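Q: If you're matching them up, the sequences are chains B and W in order.
The numbering of the first sequence is the working numbering, which starts it at 232 and goes up by one.
The numbering of the second sequence is the working numbering, which starts it at 348 and goes up by one.
Hints listed in this document are in silico derivations from the structure and should not be mistaken for laboratory results.
Computed from a predicted structure; not experimentally measured.
Heads up, the beta-carbon is just placed ideally off N, CA and C, and yes, glycines get one too.
Some hints could be false.
[Said to hold, decoys possible] Pulled a few chain B residues facing chain W out of the computed Cβ check, cut under 7 Å:
no., residue
1, 273
2, 275
3, 276
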Amino acid sequence: MERALPALGFEGVGHVRVGRMVELEAEDPERLGELCEKLLANPLIEDYEIQPL
Amino acid sequence: MIWGVLQFPGSCDERDALHACEVVGGEARLIWHEERDLGGVDAVVVPGGFSYGDYLRAGAIARFSPAMEAVAAHAAAGGPVLGICNGFQVLCEAGLLPGALLRNADLRFVCRQADLLVVDGPKTGLSDGFSAHQRLSIPVKHGEGRYYAPEEMLDALEARGQVAYRYAEGHNPNGSVRDIAGVRNEAGNVVGLMPHPEHAVDPLTGSTDGRAVFKALERAAA
Numbered sequence: 232m233e234r235a236l237p238a239l240g241f242e243g244v245g246h247v248r249v250g251r252m253v254e255l256e257a258e259d260p261e262r263l264g265e266l267c268e269k270l271l272a273n274p275l276i277e278d279y280e281i282q283p284l
Numbered sequence: 348m349i350w351g352v353l354q355f356p357g358s359c360d361e362r363d364a365l366h367a368c369e370v371v372g373g374e375a376r377l378i379w380h381e382e383r384d385l386g387g388v389d390a391v392v393v394p395g396g397f398s399y400g401d402y403l404r405a406g407a408i409a410r411f412s413p414a415m416e417a418v419a420a421h422a423a424a425g426g427p428v429l430g431i432c433n434g435f436q437v438l439c440e441a442g443l444l445p446g447a448l449l450r451n452a453d454l455r456f457v458c459r460q461a462d463l464l465v466v467d468g469p470k471t472g473l474s475d476g477f478s479a480h481q482r483l484s485i486p487v488k489h490g491e492g493r494y495y496a497p498e499e500m501l502d503a504l505e506a507r508g509q510v511a512y513r514y515a516e517g518h519n520p521n522g523s524v525r526d527i528a529g530v531r532n533e534a535g536n537v538v539g540l541m542p543h544p545e546h547a548v549d550p551l552t553g554s555t556d557g558r559a560v561f562k563a564l565e566r567a568a569a
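Sequences are here, hints too, so could you generate the full structure?
A: Right, here's the structure in full:
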């Protein structure tokens, strides 16, 4: 992606990082951490952050 | 000897895995991901592909399939399990093998022949029967094959003989830490690797070194 941007004329862009955002509605927000640990993130290789919308 | 090869939506190497099992010897059956019963197979192969599209993380959804619950029970009872490529990712996500697979260091899909070194393992391990430091020529084809585990976990894995395969010098295609291409569980009955031994069983496609990996599984089932 970082290599493709200058080719399209977008110069001066660096440190490109692709992440993942999951939107969901939860009846019990207390359990979101557990949900992240068990499925949405692999804690060995990924960090996660929970934000209310 | 009866082999079971799992099939998820998105698997793509299950036919070659079946063929490899048959070449090595015995009967091989496909096991659909919704099956809760493995049907009394002696050994299980979790094949390569893109299970459930790999949408969340490679292997992350497949581990919740009914068939994987049965595989976990089979493994807990000491039954041999071989995970190849996506199957390796599934076994890591399921916690049956240590570590995780990250995107290749150069962020590109890699598809080429690579030399592997068989690493000495515990006597109960699936590497039994290989000669020490035997070299195998086996194809790799993956975008997320960079093996990763924290340093202290790697030290523990090496101390316990859980590194099953390493890329030979100059053959690490993805930046895997300590050139690790495959690992085994502590008991030695579950092994996973990124390269594809099932694509290296017929002289028609070059190398037949992949047979040795299946034979090791066969010996473990005996």
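Q: Hint by hint, note whether the structure agrees.
A: Taking the hints in turn, this is what the structure says about them:
| no. | hint | verdict |
| --- | --- | --- |
| 1 | 273 | holds, 6 Å |
| 2 | 275 | holds, 5 Å |
| 3 | 276 | holds, 5 Å |
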